[in-house]
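Participant: Given next are the chains, with one letter for each unit.
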Amino acid sequence: MGQEQLRTQQKDEVGNLIAQVGLGDRTAFKDLYTRTSAKLYGISVRILANRSDAEDVLQETYIKVWHNAGSFNSNRARGITWLAAIARNQAIDRQRARTPIPQSDELVEEVTDPAQSPEAAAVRSDQVRLITECMEELQDSHAAALRSTYLAGWTYQQAADALDVPINTVKTWIRRSLVALRECMNR
Amino acid sequence: MTTDMEKDDRLLAAEYALGVLNGERLVLAQAKMENEDFRREVDQWHEDFAPLLNECEAIDPPARVWDSIDRKLFGSTEQNVSHFWRRITFWRWATLGSSSVALASIAALLFLPPNGLLLEPSRTNPLVASLSPSGEAPALLVYFRPNDKRLIIRVGTSQSEVNDQRVPELWIIPGDGVPRSLGVLDRAQSNEIAIGTEKLDLIKADAALAISLEPLGGSPTGAPTGPVIASGKLQML
Numbered sequence: 001m002g003q004e005q006l007r008t009q010q011k012d013e014v015g016n017l018i019a020q021v022g023l024g025d026r027t028a029f030k031d032l033y034t035r036t037s038a039k040l041y042g043i044s045v046r047i048l049a050n051r052s053d054a055e056d057v058l059q060e061t062y063i064k065v066w067h068n069a070g071s072f073n074s075n076r077a078r079g080i081t082w083l084a085a086i087a088r089n090q091a092i093d094r095q096r097a098r099t100p101i102p103q104s105d106e107l108v109e110e111v112t113d114p115a116q117s118p119e120a121a122a123v124r125s126d127q128v129r130l131i132t133e134c135m136e137e138l139q140d141s142h143a144a145a146l147r148s149t150y151l152a153g154w155t156y157q158q159a160a161d162a163l164d165v166p167i168n169t170v171k172t173w174i175r176r177s178l179v180a181l182r183e184c185m186n187r
Numbered sequence: 001m002t003t004d005m006e007k008d009d010r011l012l013a014a015e016y017a018l019g020v021l022n023g024e025r026l027v028l029a030q031a032k033m034e035n036e037d038f039r040r041e042v043d044q045w046h047e048d049f050a051p052l053l054n055e056c057e058a059i060d061p062p063a064r065v066w067d068s069i070d071r072k073l074f075g076s077t078e079q080n081v082s083h084f085w086r087r088i089t090f091w092r093w094a095t096l097g098s099s100s101v102a103l104a105s106i107a108a109l110l111f112l113p114p115n116g117l118l119l120e121p122s123r124t125n126p127l128v129a130s131l132s133p134s135g136e137a138p139a140l141l142v143y144f145r146p147n148d149k150r151l152i153i154r155v156g157t158s159q160s161e162v163n164d165q166r167v168p169e170l171w172i173i174p175g176d177g178v179p180r181s182l183g184v185l186d187r188a189q190s191n192e193i194a195i196g197t198e199k200l201d202l203i204k205a206d207a208a209l210a211i212s213l214e215p216l217g218g219s220p221t222g223a224p225t226g227p228v229i230a231s232g233k234l235q236m237l
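Note that the protein sequences, when read in sequence, are chains A and B. Each residue of the first sequence is one higher than the one before, counting from 1 in the numbering used here. Each residue of the second sequence is one higher than the one before, counting from 1 in the numbering used here.
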């Protein structure tokens, strides 16, 4: 419980911007977009593997942000996490609404951004250590499955198909990982 | 951390945040989001997973995306008033005792930031006032944006007293009790008023704002001549 409070008391500029957006401040909204859209676009592209779809999702995401910024509670989440969750959910919804064969008609080059945006590093360093450390305690196959599943936004079935293992296997891997991670992070 | 949450519920929350659920279990998780403990657990998982997203390369989106957003949200000049009202209901009200300022009544908007600390006005901590006609639900929101020194005024309700012969004029009343005009408001639901350097130091917490109805073109005397339809005090956000 103490760690939770510690995390959220850190200065959260993105969170402050979201609060201003919640008051209808368009300048803050543009500023928020400038600061965070590259990260959110990257997340969408990773899930959708299609730039045109990712652009649509990005648009939907920020429209949602505009309408829901008032409900952002800075005690419970950091701004960038809140934003990323919206983007991720939009992208996942879109991906699952697609026809069974994903439209990977474009080559998606992952443009390396040598100077990663501040928001990419906005997660506190000890938070990164925490999950990274704890992931290392998992079996390689379990950790890899969890990481891929999370980044791709897979359901259990999709993960099973992509990883070519039975669905019960992937469920076991991931559930065990989640339980282990929670215990590890609570230490 | 909720120790009394069922183990299965905690796992469900993790799976929900992860995004692996489908079918019945997904519906179950969505239903459980009504529960505050469950929601908190889900939020915690989102925070915990967040560092993994750093593996996704940040990619600059094309300019057309912003243009589209801008057009869709702000293409028309109408504000979404009901959306604005939902914001207002989250705010708590307190009435002040008698004030030295000669206005009908002043209602103060108390807007405490979530951590309960009042912060210095800065780029990210603006001053805000909600002006109400004596104790009723707020009619207008006034918000001072320090970075470009503008007062943003948003209308939350129709101003039934405003007709073709009268215009609303905004006043600031500092400690000496003498109202200074900040300008006539447009009847549009959103106004932006630039604050000149000579008035800038009047914009501070506890300064009173008021709106009076004046003849077209504003008060002919430099002081309010018409009825005060709304008043409030600036508070630090």
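Source of the hints: derived by calculation from the structure; they are not laboratory data. These numbers were taken from a predicted model, which means no experiment stands behind them. Note that beta-carbon positions come from the ideal geometry of N, C-alpha and C, so glycine has one too. Don't take every hint at face value.
Label pairs and their computed distance ranges (CB to CB) [what the hints assert, rightly or not]: (1) A:97 / B:180: 51 to 61 Å; (2) A:97 / B:39: 17 to 27 Å; (3) A:63 / B:60: 11 to 21 Å; (4) B:192 / A:165: 51 to 61 Å; (5) B:186 / A:63: 19 to 29 Å.
Some chain B residues well away from chain A (every beta-carbon gap over 10 Å; in silico) [said to hold, decoys possible]: (6) 15; (7) 18; (8) 198; (9) 199.
Taking lysine to aspartate or glutamate pairs in the EDC-like style, the calculated list, with each CA pair at most 20 Å apart, reads [stated by the list, open to error]: (10) A:64 / B:67; (11) B:149 / B:201; (12) B:72 / A:25; (13) B:32 / B:43; (14) B:72 / A:60.
Participant: Compare the structure with each hint and give your call.
Facilitator: Quick rundown of the hints versus the structure:
no., hint, verdict
1, A:97 / B:180: 51 to 61 Å, "holds, 56 Å"
2, A:97 / B:39: 17 to 27 Å, "holds, 25 Å"
3, A:63 / B:60: 11 to 21 Å, "holds, 19 Å"
4, B:192 / A:165: 51 to 61 Å, "holds, 58 Å"
5, B:186 / A:63: 19 to 29 Å, "holds, 26 Å"
6, 15, "violated, 7 Å"
7, 18, "violated, 6 Å"
8, 198, "holds, 24 Å"
9, 199, "holds, 21 Å"
10, A:64 / B:67, "holds, 16 Å"
11, B:149 / B:201, "holds, 11 Å"
12, B:72 / A:25, "holds, 16 Å"
13, B:32 / B:43, "holds, 13 Å"
14, B:72 / A:60, "holds, 10 Å"
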